[in-house]
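Chains as they are written, first to last, in the numbering used here: chain A, 15 to 356; chain B, 15 to 356; chain C, 15 to 356; chain D, 15 to 356.
In case anyone wonders, no lab produced these hints; they're calculated from the structure.
All C-beta atoms in this analysis are idealised placements derived from N, C-alpha and C, irrespective of residue type, glycine included.
Each hint should be verified, as a subset may be incorrect.
Stated by the list, open to error - No farther apart than 16 Å at their CA atoms in a straight line, the calculated lysine to aspartate or glutamate pairs in the EDC-like style are these: (1) D:Lys323 to C:Asp37; (2) D:Lys323 to C:Glu75; (3) B:Lys136 to B:Glu170; (4) C:Lys136 to C:Glu75.
Stated by the list, open to error - Pairwise CB distance ranges (calculated): (5) C:Asp137 to A:Gly219: 51 to 57 Å; (6) C:Val352 to A:Gly219: 49 to 55 Å; (7) C:Tyr94 to A:Lys194: 44 to 50 Å; (8) C:Val352 to A:Phe175: 54 to 60 Å; (9) A:Gly350 to D:Glu29: 53 to 59 Å; (10) A:Lys95 to D:Tyr94: 27 to 33 Å; (11) A:Asn111 to C:Val352: 22 to 28 Å; (12) D:Glu170 to B:Asn98: 45 to 51 Å; (13) A:Asn111 to C:Glu107: 35 to 41 Å; (14) C:Asn98 to D:Arg36: 52 to 58 Å; (15) B:Asn98 to A:Phe175: 53 to 59 Å; (16) A:Tyr94 to B:Glu324: 27 to 33 Å; (17) C:Tyr94 to D:Tyr94: 49 to 55 Å.
4 protein chains.
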Amino acid sequence: MIIVMQVGATEAQIEAVASFIRDRGFEPLILPGEGRTAIGIPASLNNDQRTNIAANISAMEGVSRVTQTSHPYKLASREYKRENTVIKVKDVEIGGNKFVVMGGPCSVESYDQFEAAAAVVKDSGATILRGGAFKPRTSPYSFQGLAEEGLKIMKEVGDKFGLVTITEAMSGDMVPLVAKYADIIQIGARSMQNFPLLIEAGKSGKPVFLKRGPSAGVDEFLLAAEYVMNQGNHNVMLCERGIMAFDSTYTRNVLDLGIVPVLKEFSHLPVIADPSHGTGVARYVRAMAKAAMVAGADGVMVEMHPNPKEALSDGSQALVPDTFRDLMNDLRGLSGYVGRTV
Amino acid sequence: MIIVMQVGATEAQIEAVASFIRDRGFEPLILPGEGRTAIGIPASLNNDQRTNIAANISAMEGVSRVTQTSHPYKLASREYKRENTVIKVKDVEIGGNKFVVMGGPCSVESYDQFEAAAAVVKDSGATILRGGAFKPRTSPYSFQGLAEEGLKIMKEVGDKFGLVTITEAMSGDMVPLVAKYADIIQIGARSMQNFPLLIEAGKSGKPVFLKRGPSAGVDEFLLAAEYVMNQGNHNVMLCERGIMAFDSTYTRNVLDLGIVPVLKEFSHLPVIADPSHGTGVARYVRAMAKAAMVAGADGVMVEMHPNPKEALSDGSQALVPDTFRDLMNDLRGLSGYVGRTV
Amino acid sequence: MIIVMQVGATEAQIEAVASFIRDRGFEPLILPGEGRTAIGIPASLNNDQRTNIAANISAMEGVSRVTQTSHPYKLASREYKRENTVIKVKDVEIGGNKFVVMGGPCSVESYDQFEAAAAVVKDSGATILRGGAFKPRTSPYSFQGLAEEGLKIMKEVGDKFGLVTITEAMSGDMVPLVAKYADIIQIGARSMQNFPLLIEAGKSGKPVFLKRGPSAGVDEFLLAAEYVMNQGNHNVMLCERGIMAFDSTYTRNVLDLGIVPVLKEFSHLPVIADPSHGTGVARYVRAMAKAAMVAGADGVMVEMHPNPKEALSDGSQALVPDTFRDLMNDLRGLSGYVGRTV
Amino acid sequence: MIIVMQVGATEAQIEAVASFIRDRGFEPLILPGEGRTAIGIPASLNNDQRTNIAANISAMEGVSRVTQTSHPYKLASREYKRENTVIKVKDVEIGGNKFVVMGGPCSVESYDQFEAAAAVVKDSGATILRGGAFKPRTSPYSFQGLAEEGLKIMKEVGDKFGLVTITEAMSGDMVPLVAKYADIIQIGARSMQNFPLLIEAGKSGKPVFLKRGPSAGVDEFLLAAEYVMNQGNHNVMLCERGIMAFDSTYTRNVLDLGIVPVLKEFSHLPVIADPSHGTGVARYVRAMAKAAMVAGADGVMVEMHPNPKEALSDGSQALVPDTFRDLMNDLRGLSGYVGRTV
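Please model the complete structure; the sequences and the hints are all you need to start from.
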């Protein structure tokens, strides 16, 4: 940690900071400058010491700025684990050589609708089936999902086609129910910092699919993963799904593919991209799914609906079955280039 | 709702959209243009019809854009209720003539610390005591709050000084416990779209203090309030606490005071500003609290700690007691000018 | 254009808007709703009528919102010209089948440095040589470029290696000088709305390489192109170079690759991506350049320096020569997949 | 400057950085940590050394991050000049005890229109008259201003009423013309980093009114001022005019009043707020102008048009004369509270 003092900070102020550090058992290094003094704390602090010491020192007189010199996450870091994490769910590996595709409708609307979607997923060669049972909708007046009935349909259809299933839990107390039916627990973008949910997802022992919040930075994203991992559950997938756009005339969000190589460098966890929410427009999904593969993602999550114009939610971003099949072919064609299979 | 067709959309595509609308019982108005056709749906749709019809039509061929012409919220709107909502909690009115000040530390750390803070709040003339028992911290390694022990301290201290109390609930299942001890339930910025929590807070019947998410627009913010109100609980306060900054070198967030007159125009709910989180820097809190009053806010929430440099959380933004007292004097001086009392 | 009236707008207010429209020679279509009335102007307005009429009507009483139903740009639009624009500069085509790579250092620092860079560009198979002679630096104390001396070096080196050259003009009066030496005039991101510069670049008749401003939306970007084209110069390239990040801890900007398919759909102009500024970090450039190709870009601009750690500007994002060669090989390998050559 | 090495950086990499620093004449301080080493450069660097050394070291192997410990601006800093800068233009002082109000239309449209506006400005007690002669419009098809004819009208009307005048120059070569007619040269938000313009404005010796770019941070803003000051012209006013909004449904921009106390702390230059562009909506201007005064601004710039619904530009945000007069009365009433006059 580096503390930069204000220009004109007095000797007494500098010494007060130094004492505060010594009182906590560390030896400060004083770097006098022409204009302003900097103070370093060379020893690594525990994670639980860092944040508060920084805030406390910020409140001291004569202090201008406090900068952390190390990352705030630990278990999610590449430093903690050098090799890539590969998560095995039934016979599907996420984060390994095979690029995974998660497909399916925004919401489970009925057995027939979901079965039709699953048939397309299976038949096109994708391995993971998505669909929402509890829908976090911006408006209380929008369709809220079929709830447990939806989970049952998901499980039945998943079993029928031999597909791994993934669906969202919206709160900690919902986790056991979701865990009973689905193979992977999704944490939505709006819930990325729902800490009780993260903790329960961690306790469940099920693989967790964590979506990045629309205005979350890399550190915040990895700290959310850390909440799950801190419960002993290291099977966390990181999903980039688009950040807040300042211009949403043409796309709903901005898919931040640049975070893919960043996450692969600083973390060992699998990285998935969601070009459906990332653009919000079905006709841009294919290009961005391919770009995600080339940027280094381990998989994509793509919305597909048997009949988007009758969808009960998010119809504008869902692919029709034929386009989903085309996308699978695209990815297969491209996979050799990146040294993977699909 | 206005549907704008693509340039070169065919007659058949235009007719398909018109039929889709007629099938749902509305009469479309076709506005032919030189380059492109627009289609209007003049009848007001139910709120639960709007979102999906828009998404469905977006998925139809030849459609370029779908624009809503009415606001998506209802109960929170000024159209639903012309006069200002005044929320009465014990003998404190929020949204009435008296400008309310909510003060106290980020976290309840101990009985002594909280009592010292409450004494300052009371003594300076503020009426509402804040303090976190469950802390939503970005890092799992940071202090997480005293939990129920903190709630008990809050209640005891609040009773002792005759102050109304407010504290955060982080999940729906936590609401009954918080409601048992505190007078007002706070929904944090990170939880603004935690829909199960909003619903439980609505069911509790307790006044709800809803913080705006750091990247939430006005419609999303009011729709979150709508989730609470939809449970029959109309006692919701709206709190602006700073939006995501693209430059956080000098301040942590950007306090969006421009939303104050917007919310007062479009909603009847009380509006509170939080300059502590809005700036993240104690020495800017006073100026921004006063600016909030002048911009039309009904109150402010301000962090104050008996000893910020020993605080277990957020020390850098907490006022010391003397500055809090100065702020109360500032606000009292200014209140006559805006026709209020403090 | 659609005008949405406020709830409770009076008949007189609605009629005033209708009259205002009729006075300008258009026939308004009134769409009464349950809660609020909308008014449509079906005829296409001239571009110079649109903006002001919208602003004027916004200022009328009872008006809630004015929405444009058509795009504000014309010459840059796909509607104006269906087929892709291919810009021919010497023997290089931009926007055609061949994917173009523009490489070179941030600044022309000396003849030797620039020649060394050009040799790598040529030898690796790239066709366009970049380098700044006038540098727009955030600080007045940073290296500002070699000015005309740099232009001369660029021309001499470009001629020697048979490479097309591109460099930035920072103001309108600088355009003739830049046009004298360089083959393509670059408009920097900070200058995207420097209208006198856009107009002069248009008048020069030289191909123009227009960088998107860090907070420019699609409409603003294409309107900037429109300024150039409106002078009769239709040879404009659009360059995505990263938008403003809210988290710049790991990358300098957010490369918005999602805009590539959007621009290809709504405009006929060539689209180039700049992953060097888009990430600001040399080790992420390769992944993002490839992703840009797959997303549909017509080329990339990449910074490369013979010796980045001695660079006078932007050393942290420049590739070393070997990595630039590797990138060219990557792109060549990938090009077949997207049906192009490199 | 602090350089943080990567975890696992080798001794050789650390030594290479240290040597690089020594070669430039500074003595590095090595701070070994448990996980990673940090290296400090205690001596103050010249401003022209800072940026490049940081970029060069960023490009070296084993380096994780480079952090500046001092501000990049100098002449604009409070450290350079402790007391507030007061700019005297004719008999008006900006930055002194009197709060200044700059009023007038977006564009000078005709003598009659401008004279009518000026009469209101004068008569209500404001002292500075604004109006655009050259208009930077997003679209080339919008009204571009009366050019020199507009400047002449401005001067004539300003002289008639004894008002100080301010208008925008859009490029460096336009500065002498603008300086010939107007008292203050405005640099628009889109031109904040038009460096040739900043330099010419600096050379002109005229007071400069510098608007913050919509996505400019504090350092970038003050460095833009530094460009002007570096030419020996220290009469620069800083204007906050709203930053880029992610939700522009209700307001056009976000007026960042929190930057007012930040600028007053770190710089000695006068700070003005522009609530007209900051909100884009006439009916929110009054509240935000008052809030700006209370937040510590030295003045406001407000658009007012004799007849907004006939305005040739920006009619939706212009006040009508009566509201402008009301605002002046508001500010007069409030001025005593902040210890100023109007």
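Each hint tested on the structure:
1. D:Lys323 to C:Asp37: holds (13 Å)
2. D:Lys323 to C:Glu75: holds (10 Å)
3. B:Lys136 to B:Glu170: Holds: B:Lys136 and B:Glu170 sit about 14 Å apart, inside 16 Å.
4. C:Lys136 to C:Glu75: Distance of about 64 Å is beyond 16 Å: violated.
5. C:Asp137 to A:Gly219: 51 to 57 Å: holds (55 Å)
6. C:Val352 to A:Gly219: 49 to 55 Å: violated (42 Å)
7. C:Tyr94 to A:Lys194: 44 to 50 Å: At roughly 57 Å between Cβ atoms, A:Lys194 and C:Tyr94 fall outside 44 to 50 Å, so the hint is violated.
8. C:Val352 to A:Phe175: 54 to 60 Å: For C:Val352 and A:Phe175 the Cβ distance comes to about 32 Å; the hint is violated.
9. A:Gly350 to D:Glu29: 53 to 59 Å: violated (43 Å)
10. A:Lys95 to D:Tyr94: 27 to 33 Å: Check failed, 49 Å falls outside 27 to 33 Å.
11. A:Asn111 to C:Val352: 22 to 28 Å: With Cβ atoms ~23 Å apart, the hint holds.
12. D:Glu170 to B:Asn98: 45 to 51 Å: For D:Glu170 and B:Asn98 the Cβ distance comes to about 49 Å; the hint holds.
13. A:Asn111 to C:Glu107: 35 to 41 Å: At 38 Å between Cβs, range holds.
14. C:Asn98 to D:Arg36: 52 to 58 Å: Cβ of C:Asn98 to Cβ of D:Arg36: about 54 Å, so the range 52 to 58 Å holds.
15. B:Asn98 to A:Phe175: 53 to 59 Å: holds (56 Å)
16. A:Tyr94 to B:Glu324: 27 to 33 Å: holds (31 Å)
17. C:Tyr94 to D:Tyr94: 49 to 55 Å: holds (52 Å)
Hint compliance for this structure: hints 4, 6, 7, 8, 9, 10 are broken, all remaining hints hold.
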